Amino acid sequence: MGGHNFKTVVAFEYLRTVTKRRFWVMSLSVPLLLALVFALTSASARTSSTSQTTTAFGFTYHDASGLVTPALGKAFGGTPTDDPSAAVAAVRSGASTAFFDIPADVGSAPVQVYGQDVGIIANGRYDAVARALVEAAVKQKIGDPRLATLAASGAATSATIYQNGATVSGIGSIVLPGAFLVLFYLSIVMLGQQMLNVTLEEKQNRVSEMILTTMSPTTLIVGKVVALIGIGITQAVVFGVPILIARLSAPTLVHIPGLSWSDITPDPFRIAVGFVVFVFSFGMFAGMLVAIGAVMPTIRDASGAFSAVVITMFIPAYAIQMVVNEPHALLPTVFTYFPLTAPVTALVRNAMGTLAWWEAVIVVVMLGVVATIMLRVGVRLFQVGSISYGSRVNIRQALRQAR
Amino acid sequence: MAAIIEVRDFAMRFGPLTVLDDLSFDVVEGETFGLLGANGSGKTTTIRALLGIYEPSGGQLLVEGRRFHPSQSARLGYLPEERGLYAKESVIDVMAYFGRLKGLSKRDAVTWSQRYLERVGLPDKARVRLDKLSGGEQQKVQVGVTIMNDPAILILDEPTKGFDPVTRRLLLDLLDEQKARGSSIVFISHQMDEVERLCDRILLLKDGRAEAYGTIPDVQDKYGGRRIRLEFTGDLPASDRYDPVVHERNYAELDFRDDVEPNDVLRDLLAAGVQVRSYDVTRISMEEVFLRVYGAEAAKEA
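Heads up: the protein sequence lines correspond to chains A and B, in order. 1 is the number of the first residue of the first sequence in the numbering used here; add one for each residue after it. 1 is the number of the first residue of the second sequence in the numbering used here; add one for each residue after it.
Among the clues, some could well be false.
Unchecked claim - In silico contact screen, one side only, chain A against chain B (beta carbon under 8 angstroms); selected entries:
no.	residue
1	10
2	12
3	16
4	18
5	205
6	207
7	209
8	212
9	213
10	214
11	215
12	216
13	383
What the hints assert, rightly or not - List time: in silico DSSO-like cross-link candidates among lysine-lysine, alpha-carbon distance up to 27 angstroms:
no.	chain 1	residue 1	chain 2	residue 2
14	A	141	B	125
15	A	139	B	132
16	B	132	B	179
17	A	7	A	20
18	A	20	B	161
19	A	141	B	161
20	B	106	B	132
21	B	125	B	88
22	B	106	A	20
23	B	161	A	7
Think of the hints as simulated: they come from the structure by calculation, not from any bench. As the structure is a computational prediction, the values presented were derived from the model and not from experiment. The beta carbon of each residue, even a glycine, is placed where N, CA and C say it ideally should be.
Next comes chain A alone, as it looks inside the complex (with noise of 0.2 angstroms):
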């Protein structure tokens, strides 16, 4: 019947949840926010650059390089000329719509753009079109297309590096380990209070006893546990669907900058650790929540100790910059193996490829450690402290009592 019974929560707690329609309307609202202003933002953006370059002016422009020729001029509406002070005044007076001046060197000295206001955004256009004559005017001059390419966006490389004989993987490699430092983030900052929340709701709705003697505590927060994560993969696929379609209709749409999908390569030993940190620090976490959960009386006094576990959790962030350049300095070091900040320390440094696997071994037995104490010290706490109402538990003692 335990078997039995522990199916039976996970199932009512899950479907509790996802049947609920403040779940869809939460999950669903944030990809569609970001479809919402990414679709907005590349609108924009296009209908910004179409129109900045494309929309027809008239100028005048005063051009000391040389670069640009009288028919390229004309072909983008200017007109030369020689007196770069009358043309500012005429602008500023109205009677010109803009004037840009060239300079001699275009390489170190910028173009001097003035025009006529015609509102904040549409102001760009001058900037896209003094830009775009010049670009023009340089591939006229270079001549040979492959050449006004290469000046444009500079020469490609491919480096191999090594280290002590082997190749290092380039920042690809960080991808697919650092998912679980990411994975760890969105659990915590998703999951968290509503795991909190159901710890609680037992005490809260006085339905703690008569749970307790269908089950035993550990069924009942395992299944817990086991339901929550279900709830955090069915939002992330709810997250993660929309970003597929995207990417699958509209792949420059979604993209990493610098970074192209065959750039990312897989490897093995990281991602075995990345991924038992990950469970492990959960593990460890909801511990924590449960423990908390039962020795405090309502949601409002669990949530401030939830918040000291969070930041303390987060503290390594503040040091990333150390962590990630500095990994065996005495700070890296002690948050690595200090329990409650090793999540952090320990995904980062295992995706940025500076854990060693000695260190990966003595994190990943210690978080395992701790995890399985704090999840034996919160069901013990849980058992008492979830039929102690109103009244903060006695730790000690709620440890002695319970069976």
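Based on the hints, put chain B in the right spot on chain A.
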């Protein structure tokens, strides 16, 4: 009859405080057993230890011959003193959940729940959230959850506490039905009229120990034995044979010494010219027993 619950030398300590000590009792199959005592006397603690929620400091507590395990919940109905249900969920979902936890199939749990809701006048509330129900309606659902698995053992801790008269009546009727089906019932209550009406045997706790244990007549005899209830006209004469514990204009209750026969008292009254309209020899009430054990103040607190 075999013992369905056995408690032997049970002790419970919270730090330096000994709440229960050297407590032993049995509940036999098919009986209704009353667990009585003032607030803080250890009744709820005993039940929690019996059901494995607390670890006893000493002794043995057995349900159907073994230490209680949640796998026995299919045969148990427990209505705790502090009770509630998942407030944000619908009535039918919560009832089906508890039914599943007690070993029913989902279909059976839902079918039973719908029938029960019809019986208690809540057929249209199945899909309503529990916190949208009135207090009385929630109580009916709690009672339903307690008995939905047709339990062999029912443990009810202050079952009528906070219940409105309708739900109280419903619960007492359901208890009668359960008892007729052969369920063993452990009944914790301060309502002495309910105890007298329902219980076959009782255990009265005081200062963490068993103060009285046995059938109700046995306990009543231990704490005062018999009493004469009298309706009369005239003046009640003073006598060393009896002591008027209640004395109103035309009604009195008289306690009398063990060596005095009730007929002697009646003879004295008639000889003194009292016109006796009714004369009844009874045992003292359980409420009176409770008052005698705890004193009037403690009983009032309870």
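Closest C-beta approach of residue 213 (chain A) to chain B relative to 8 angstroms, hint status: At 5 angstroms from the nearest chain B Cβ, residue 213 (chain A) passes the 8 angstroms test, so the hint holds.
Compare the distance between the alpha carbons of residue 125 (chain B) and residue 88 (chain B) with 27 angstroms, and conclude whether the hinted pair is satisfied. 14 angstroms, holds
Is the interface hint for residue 215 (chain A) satisfied, with its Cβ closer than 8 angstroms to some Cβ of chain B? 5 angstroms, holds
Hinted pair, alpha-carbon criterion (27 angstroms max): residue 106 (chain B), residue 20 (chain A). Please report holds or violated. 20 angstroms, holds
Within a Cα-Cα threshold of 27 angstroms, do residue 141 (chain A) and residue 125 (chain B) meet the stated pairing? 83 angstroms, violated
Chain B contact restraint on residue 10 (chain A) - CB to CB distance below 8 angstroms: Residue 10 (chain A) check fails; min Cβ-Cβ to chain B is 12 angstroms, beyond 8 angstroms.
Given residue 16 (chain A) as an interface hint, is its Cβ closer than 8 angstroms to any Cβ of chain B? 6 angstroms, holds
So if I understand the rule, the pair passes when the alpha-carbon distance is 27 angstroms or less; does residue 7 (chain A) with residue 20 (chain A) pass? Holds. Residue 7 (chain A) to residue 20 (chain A) sits at ~20 angstroms (cutoff 27 angstroms).
Hint check: 8 angstroms Cβ-Cβ cutoff, residue 214 (chain A) to chain B: 4 angstroms, holds
Interface hint compliance - residue 205 (chain A) to chain B, C-beta minimum distance less than 8 angstroms: Constraint on residue 205 (chain A) satisfied, holds at 4 angstroms.
Going by Cβ atoms only, is residue 18 (chain A) closer than 8 angstroms to chain B? 13 angstroms, violated
Would the hint on residue 383 (chain A) stand, with a C-beta cut-off of 8 angstroms toward chain B? 7 angstroms, holds
Of the numbered hints given earlier, the model fails hints 1, 4, 14, 15, 16, 18, 19 and 23; all others are met.
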